[in-house]
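All chains should be built: construct the whole structure from the sequences, respecting the hints.
As a plain string of letters, each chain reads:
There are 2 protein chains.
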Amino acid sequence: MSLLAQRTGGLVGSVIDSSTSVLQQQSHDVIRFAVGSPAHEAIPTGIFDDLAPKLLTPDAFDYAATEGDPRLREALLDLLAGTPDATDPKRLTITAGGMQGLDLFGKLFIDRGDLVVIESPTYTNGSATALSYGAELLEVPTDGDGMIVDELESAVDRTGRVPKAIYVIPTFQNPSGTTMSLERRLRLIELARNWNSMIIDDDPYSLLRFAGQEIPSIRSLADGDPLVFAVRTFSKIIAPGLRVGWVDADPGLQQLLINAKQAMDTCTNLPGQRLIAGFLEGGFIDDHLERQRRRYRERKLTMQRALSDHFAGQAAWTDPDGGFFLWVRLPGIDTQALFPAALAEGVAYIPGPAFSPTGQFTDALRLCFASTTPERIGEGVARLRRAVDHG
Amino acid sequence: MSLLAQRTGGLVGSVIDSSTSVLQQQSHDVIRFAVGSPAHEAIPTGIFDDLAPKLLTPDAFDYAATEGDPRLREALLDLLAGTPDATDPKRLTITAGGMQGLDLFGKLFIDRGDLVVIESPTYTNGSATALSYGAELLEVPTDGDGMIVDELESAVDRTGRVPKAIYVIPTFQNPSGTTMSLERRLRLIELARNWNSMIIDDDPYSLLRFAGQEIPSIRSLADGDPLVFAVRTFSKIIAPGLRVGWVDADPGLQQLLINAKQAMDTCTNLPGQRLIAGFLEGGFIDDHLERQRRRYRERKLTMQRALSDHFAGQAAWTDPDGGFFLWVRLPGIDTQALFPAALAEGVAYIPGPAFSPTGQFTDALRLCFASTTPERIGEGVARLRRAVDHG
Numbered sequence: 001m002s003l004l005a006q007r008t009g010g011l012v013g014s015v016i017d018s019s020t021s022v023l024q025q026q027s028h029d030v031i032r033f034a035v036g037s038p039a040h041e042a043i044p045t046g047i048f049d050d051l052a053p054k055l056l057t058p059d060a061f062d063y064a065a066t067e068g069d070p071r072l073r074e075a076l077l078d079l080l081a082g083t084p085d086a087t088d089p090k091r092l093t094i095t096a097g098g099m100q101g102l103d104l105f106g107k108l109f110i111d112r113g114d115l116v117v118i119e120s121p122t123y124t125n126g127s128a129t130a131l132s133y134g135a136e137l138l139e140v141p142t143d144g145d146g147m148i149v150d151e152l153e154s155a156v157d158r159t160g161r162v163p164k165a166i167y168v169i170p171t172f173q174n175p176s177g178t179t180m181s182l183e184r185r186l187r188l189i190e191l192a193r194n195w196n197s198m199i200i201d202d203d204p205y206s207l208l209r210f211a212g213q214e215i216p217s218i219r220s221l222a223d224g225d226p227l228v229f230a231v232r233t234f235s236k237i238i239a240p241g242l243r244v245g246w247v248d249a250d251p252g253l254q255q256l257l258i259n260a261k262q263a264m265d266t267c268t269n270l271p272g273q274r275l276i277a278g279f280l281e282g283g284f285i286d287d288h289l290e291r292q293r294r295r296y297r298e299r300k301l302t303m304q305r306a307l308s309d310h311f312a313g314q315a316a317w318t319d320p321d322g323g324f325f326l327w328v329r330l331p332g333i334d335t336q337a338l339f340p341a342a343l344a345e346g347v348a349y350i351p352g353p354a355f356s357p358t359g360q361f362t363d364a365l366r367l368c369f370a371s372t373t374p375e376r377i378g379e380g381v382a383r384l385r386r387a388v389d390h391g
Numbered sequence: 001m002s003l004l005a006q007r008t009g010g011l012v013g014s015v016i017d018s019s020t021s022v023l024q025q026q027s028h029d030v031i032r033f034a035v036g037s038p039a040h041e042a043i044p045t046g047i048f049d050d051l052a053p054k055l056l057t058p059d060a061f062d063y064a065a066t067e068g069d070p071r072l073r074e075a076l077l078d079l080l081a082g083t084p085d086a087t088d089p090k091r092l093t094i095t096a097g098g099m100q101g102l103d104l105f106g107k108l109f110i111d112r113g114d115l116v117v118i119e120s121p122t123y124t125n126g127s128a129t130a131l132s133y134g135a136e137l138l139e140v141p142t143d144g145d146g147m148i149v150d151e152l153e154s155a156v157d158r159t160g161r162v163p164k165a166i167y168v169i170p171t172f173q174n175p176s177g178t179t180m181s182l183e184r185r186l187r188l189i190e191l192a193r194n195w196n197s198m199i200i201d202d203d204p205y206s207l208l209r210f211a212g213q214e215i216p217s218i219r220s221l222a223d224g225d226p227l228v229f230a231v232r233t234f235s236k237i238i239a240p241g242l243r244v245g246w247v248d249a250d251p252g253l254q255q256l257l258i259n260a261k262q263a264m265d266t267c268t269n270l271p272g273q274r275l276i277a278g279f280l281e282g283g284f285i286d287d288h289l290e291r292q293r294r295r296y297r298e299r300k301l302t303m304q305r306a307l308s309d310h311f312a313g314q315a316a317w318t319d320p321d322g323g324f325f326l327w328v329r330l331p332g333i334d335t336q337a338l339f340p341a342a343l344a345e346g347v348a349y350i351p352g353p354a355f356s357p358t359g360q361f362t363d364a365l366r367l368c369f370a371s372t373t374p375e376r377i378g379e380g381v382a383r384l385r386r387a388v389d390h391g
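Keeping their order, the protein sequence lines are chains H and G. Taking this note's numbering as reference, the numbering of the first sequence is continuous, increasing by one, and the terminal residue is 391. Taking this note's numbering as reference, the numbering of the second sequence is continuous, increasing by one, and the terminal residue is 391.
No lab work stands behind these hints: they were computed from the structure. Watch out, some of these pointers could steer you wrong.
Stretch-level coverage of chain H by chain G, calculated; a stretch enters the list once three of its residues show a Cβ under 8 Å from a Cβ in chain G [stated by the list, open to error]:
{"no.": "1", "stretch": "41 to 51"}
{"no.": "2", "stretch": "87 to 101"}
{"no.": "3", "stretch": "261 to 274"}
Incomplete in silico selection of chain H near chain G, CB under 10 Å [what the hints assert, rightly or not]:
{"no.": "4", "residue": "Pro-38"}
{"no.": "5", "residue": "Leu-56"}
{"no.": "6", "residue": "Leu-131"}
{"no.": "7", "residue": "Ser-235"}
{"no.": "8", "residue": "Ile-238"}
{"no.": "9", "residue": "Ser-371"}
{"no.": "10", "residue": "Pro-374"}
Since the model is a prediction, treat every value here as computed from it, not as a measurement. Backbone N, C-alpha and C fix where the C-beta goes; we use that ideal spot for every residue, glycine too.
In structure tokens form, the structure reads like this:
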């Protein structure tokens, strides 16, 4: 079984998975800071209900085009047209969420033994995908401005090799919530060009900015450079259960992406594509995003206030300008050991080591502020405090 | 790009894909014998419409458990309980259609250079998945009783190696419509045990039997042998656009399947899982399947009659007891060369070479009888006749 385990990226990511499973067996009273989901009250089910009879006609249950339903592709191109991520049909492939974008990248580009750079901490389901294609991972530290690009350069130099790919979540990173500075983005592109490395620009959150100034995406800064493979998703801005995302990549890759996706899942589920297309065509997205930004801003501030109330001087946490997550350091506390006590108190989070293939960040944890109401956020943090005190 | 092309299974399968694309650009008057979809009138949208408001609550748009939504898992276990494919929760993983079951198999088991046996002809999107993991394919001929297992044995002997896996669609095969005999199934299991090869038992159609006697699945004949990896789907019995299927495999693989799937698409789309769960819970499936069997039996007979009317003595075709497809041989005709003329006449099919990685079956074509009304089937075959006469 150990060879099989290696093929599935070892057990990396399984901490996230088992925490989720644990949660599903818990009472409804557990306050769920663990899973990175949008608030349930943010899911536009009312609009979906209204649209469904018109959208879910028999043809919506047939196979879709592998590159995506034309209706969704058109609505998405319109959505992006007004943004720096405006793009072209030949660059666009609809995927089963952002995760499949990462899997497609691995299928096309990663060979056994290839060096793949990741942020530390990172989204380990993404790095597990690279592992599943036989990548060797190189963790590069991050700070409040994202991946420390100077350290990237020296870490790569020490290997004596060049990376096949550099995997980054530049904006409101998962798990840290931090955003890579413009200067570092530009330097990262420069290094990638020198090394002829691909950049996987995984950006699920940037439309959920609720503070600070927008920073251009790596995709837009690189201006069509084939080295940038951009992975996007509707999971965080509309709903994760629909499993609809997209890849924006060099037009020369489109037929290969179609071939690869055809051998993965044939096509992305069509009812989900049609619901999103209808939502976009109906012009609901702007108000929807504006509401989410206000909602998540309030929740972040509420969580930070609660952390100040309960952990002042004993913990440090990030201050994201958008997205879903706070990254909390509790010096001297083993957050994996703490987890059962926290669950017993009725609060769940993801322990820090789940975000590092080498199990770093033993004193850290990720809190999702997006999916819990402000009223419950304060109570959740109080429970975390009790777990630390009595755990 | 050629290395990338190799990683995506070359252009194998692209004939299927481009035919589909071609079709999508054609007028609505083209009679579509090409795509293997259920009839649009077979999609239970009325029931879905009734169920949707109750099923598509906000939690149905959140992430699902990677192994599948508990509600669907339970309903599916109930559905299978009365059949020879009755199974156990530890053996069951919900997938994004049958295709993802094949991809999961490849991720877990296929290493570069592994020998994978396929039927000839076969479903080349399945063999392309094996290629995408670096498999070397060995095509074994089939006849009216499925894969010729004696030829399997001698073909494998000639390689001087043993196969890592044997990929079969034993019942109402795609594209031939034929069914592997009980005797051959048992002999196949015996050979696989001798070689310690896995069998991929891909069976999307067996619940759509409209004639003849049921033959036990390879899965049930092997009685829990870990060498059998069973791939199943709701695509043909309910709707392909939902992208929901399942894998039935050794319990020791379940955690690895979860890890692998997590790094592919996180989970299967949840609204689709809930719609199917509601459909099964509501007890609609038995009547639904009975109606489909009657429908497809009539359509098969209609298509065979039309072929007799137009091609008697000049063509041969299979006589399936279920499923979707007739496999037609037109001696002396190059069916790829014929395709543009057929499309110009207003009828589409898949040329035979699309079902062989080595491009065999140049005089064959696959006709799907399931998705076209009887009235139009006769006209479609008449158009095919005109294409042959004037093409």
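* To do: Have a go at the Pro-38 (chain H) hint: is there a Cβ in chain G nearer than 10 Å to its own Cβ?
  => Since chain G brings a Cβ to about 8 Å from Pro-38 (chain H), closer than 10 Å, the hint holds.
* Asked: For the stretch 261 to 274 of chain H, do three or more residues have a beta carbon lying closer than 8 Å to a beta carbon of chain G?
  -> Our answer is that it holds, as 11 residues pass the Cβ test (under 8 Å) against chain G, meeting three.
* How about Leu-131 (chain H): closest beta carbon in chain G under 10 Å, or not? -> holds (8 Å)
* Asked: Is the hint on Ser-371 (chain H) kept, meaning its closest Cβ partner in chain G is under 10 Å away?
  -> Where the cut-off is 10 Å and the nearest Cβ of chain G is about 9 Å from Ser-371 (chain H), the hint holds.
* Asked: For the hint on Pro-374 (chain H), does the least C-beta distance to chain G fall short of 10 Å?
  -> violated (18 Å)
* Hint check: is the beta carbon of Ser-235 (chain H) less than 10 Å from a beta carbon of chain G? -> Since chain G brings a Cβ to about 8 Å from Ser-235 (chain H), closer than 10 Å, the hint holds.
* **Restraint check, 10 Å cut-off on beta carbons, for Ile-238 (chain H) near chain G** => holds (8 Å)
* **Stated coverage of the stretch 87 to 101 of chain H by chain G [criterion: 3+ residues, CB within 8 Å]** => holds (count 4)
* For the hint on Leu-56 (chain H), does the least C-beta distance to chain G fall short of 10 Å? -> holds (6 Å)
* To do: Would you check chain G against the stretch 41 to 51 of chain H, counting CB to CB pairs closer than 8 Å, and say if three or more residues qualify?
  => holds (count 5)
Going down the numbered hints, you'll see the structure goes against just number 10.
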